[in-house]
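S.K.: Residue numbers (this note's numbering), protein chains in the order written: chain A, 1 to 274; chain B, 1 to 280.
By construction, these hints were calculated from the structure, which means they are not laboratory data. Please note that a few of the clues may not be correct.
Below 27 angstroms or equal to it, Euclidean Cα-Cα: the simulated DSSO-like pairs (lysine-lysine) are [said to hold, decoys possible]:
| no. | chain 1 | residue 1 | chain 2 | residue 2 |
| --- | --- | --- | --- | --- |
| 1 | B | K139 | B | K177 |
| 2 | B | K254 | A | K269 |
| 3 | B | K280 | A | K269 |
| 4 | A | K261 | B | K251 |
| 5 | B | K23 | B | K218 |
| 6 | B | K251 | B | K280 |
| 7 | A | K169 | B | K254 |
| 8 | B | K177 | A | K171 |
| 9 | B | K280 | A | K261 |
| 10 | A | K169 | B | K218 |
| 11 | B | K229 | A | K169 |
| 12 | B | K251 | A | K171 |
| 13 | A | K171 | A | K261 |
| 14 | B | K104 | B | K163 |
| 15 | A | K171 | B | K229 |
| 16 | A | K261 | B | K254 |
| 17 | A | K169 | B | K23 |
| 18 | B | K177 | A | K169 |
| 19 | B | K254 | B | K280 |
| 20 | B | K254 | A | K171 |
| 21 | B | K251 | A | K169 |
| 22 | B | K218 | B | K251 |
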Amino acid sequence: MIIIDDVHFAYDGIYPALRGVSLQIDSGERVAIVGANGAGKTTLVKHMNGLLRPQQGRVFVNGRDASKLSVAELARTVGLVWQNPDHQLFLDTVEKEITFGLRNLGYGPEDTRARCERTMSILGLTDLANRSPFSLSGGERKRVALASVLATEPQVLALDEPTIGQDAKQKENLSNLLMELNANGCAVICVTHDIEFVIEHFPRTIAMSEGLIIADGQTNSVLTNDRVIEICSLSTPELTQASQALNQRFPEVSPRLTLVKELEDAIIKIFGGV
Amino acid sequence: MPLVEFVDFSFKYLGSDNLALRKIDLRIDEGEYIVITGPSGCGKTTLCRAINGLVPQFHRGYIAGHVYVDGHDTRESRVAELARVAGLMFQNPANQLVTLNVAKEIAFGPENLGVEPDKIRARVEELIETLHLEHLREKHPHEMSGGQQQMVAMAATLALEPKILVADEPTSNLDPKSAESLLAILSDLNRDGMTLVLVEHRLDLVSRNATRLVLMDKGSIVADGPPRKVLSLPICEEIGIGIPKATQVYKHLKRNGCVLSRVPLTGEELAISVEEACNK
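The whole structure should be built from the sequences, with the hints applied where relevant.
M.R.: Dropping the structure here:
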């Protein structure tokens, strides 16, 4: 679906943000990208929909060389939801904001309206359709930004820090939505510091540092790696801390557990249950 | 005398249909470390604003009941006076930064309170050191990342040497390492006597040091007590707050008939409880 081949990029040509990044993301995957501030995470996802073009190396989307495609063409395939919704929103009603992208991609008026209504209903925005995005709360604005991208039904959805400012319930709604899109074949890529969110929902994690990929593999292996945690300024997942503490006392418990259920089963086993 | 006391206090913002706070009774004593949590829109930010008088002095609206801060009724006191007692760190740091560099930003508050220049200089240096801001010294606040702005806003608030620090989601823009380091600094200041009121979602990071956890929902306080006790209540799941994972494991085990002697807040505590249960 997306192939990034030895991509280099420096802002203003002198501040290196990507220093030779290669990866492949297949259709239907859920991939998290983690790393300290300034690691190059956002720069990387901006290459996936052509907002940035590699200064060296190549990007392929759906088997086509991205350098031969316009941002508008790429946007049909890869939808990018920005970290700060205020950088993305600019129209005076929620509805206009959502239909803007659809009209630009050439959908007819009826199709546009249907898609807009469906997306608003999924994201609980129907009642806010005529409000100005700037009169909404931070969490609501984030949902409008997401809606304007979702309405175009991209094959790949890339989100930059979607959980900031969202409480536990809203996070659950967001993850339900992402799971559903993914079940329908949409690949989901998420840049985030929220490792608990990653553990619960993303089977694959890519860790970045100083413009390079330092680990790429199964989430429960990447995020329980002490070196990755250290270099990426992350903290060890809460349950991995618990499983490490248990492992010191009960060596039969793996020190790399990540889920509530795994810990629960391990403790029941210690107590002699099955 | 309590440092802060809410007496049957309700508040509704001008132009809003709903009460932001409903019949709040809350007493905060000197030296406490209180964490306030609850779903978005439950009234946490309004409660913070009521402690330093921004509600009702700056944010106008319908009021019933009273809030007393260090004995002053916030309806009758000026925000500037209350600021000497209660320092408020805003949720969005960009809304509170006003000057051209870090040192000026930190000095701005004490200068306005008429603190002597020598004392201000010393305080600025001390805060730059404590909060590890040396590398930002010459940077313009608006060129900084969200996380860096948050640290500077914290320094500027602490420069007023408030008796009580009220911080509204002080770690929301910080990466996990920086969040842990800031919370450790605040916890130290509390140990040295500063009263602390934090709005925070990351309960795994704050519950161990906090003396009380106040849970809010739809403008009301729905639970208030020691963190272990509040987190073990079923209402946490009902209103949807993110409780520490170690506490979740404890609750799951309990549902399956396996009760540990104490509610754990961290992985280490969970492991200790399991070990104790085995030795019995």
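S.K.: Each hint needs a verdict: does it hold in this structure or not?
M.R.: We went through each hint and held it up to the structure:
1. B:K139 - B:K177: 22 angstroms, holds
2. B:K254 - A:K269: 15 angstroms, holds
3. B:K280 - A:K269: 16 angstroms, holds
4. A:K261 - B:K251: At roughly 12 angstroms apart (the allowed maximum being 27 angstroms), B:K251 and A:K261 satisfy the hint.
5. B:K23 - B:K218: With a Cα-Cα distance of about 11 angstroms, the restraint between B:K23 and B:K218 holds, given a limit of 27 angstroms.
6. B:K251 - B:K280: 21 angstroms, holds
7. A:K169 - B:K254: 23 angstroms, holds
8. B:K177 - A:K171: It holds: about 22 angstroms lies between the C-alpha atoms, which stays within 27 angstroms.
9. B:K280 - A:K261: 25 angstroms, holds
10. A:K169 - B:K218: Distance ~14 angstroms between A:K169 and B:K218 Cα, so the pair holds.
11. B:K229 - A:K169: 22 angstroms, holds
12. B:K251 - A:K171: 21 angstroms, holds
13. A:K171 - A:K261: 20 angstroms, holds
14. B:K104 - B:K163: 22 angstroms, holds
15. A:K171 - B:K229: 25 angstroms, holds
16. A:K261 - B:K254: The hint holds at about 13 angstroms.
17. A:K169 - B:K23: With Cα atoms ~25 angstroms apart, A:K169 and B:K23 stay inside 27 angstroms; holds.
18. B:K177 - A:K169: 25 angstroms, holds
19. B:K254 - B:K280: 18 angstroms, holds
20. B:K254 - A:K171: 26 angstroms, holds
21. B:K251 - A:K169: Judged against 27 angstroms, a Cα distance of about 19 angstroms means the pair holds.
22. B:K218 - B:K251: Measuring from Cα to Cα gives roughly 25 angstroms; hence the hint holds.
The structure shown violates none of the earlier numbered hints.
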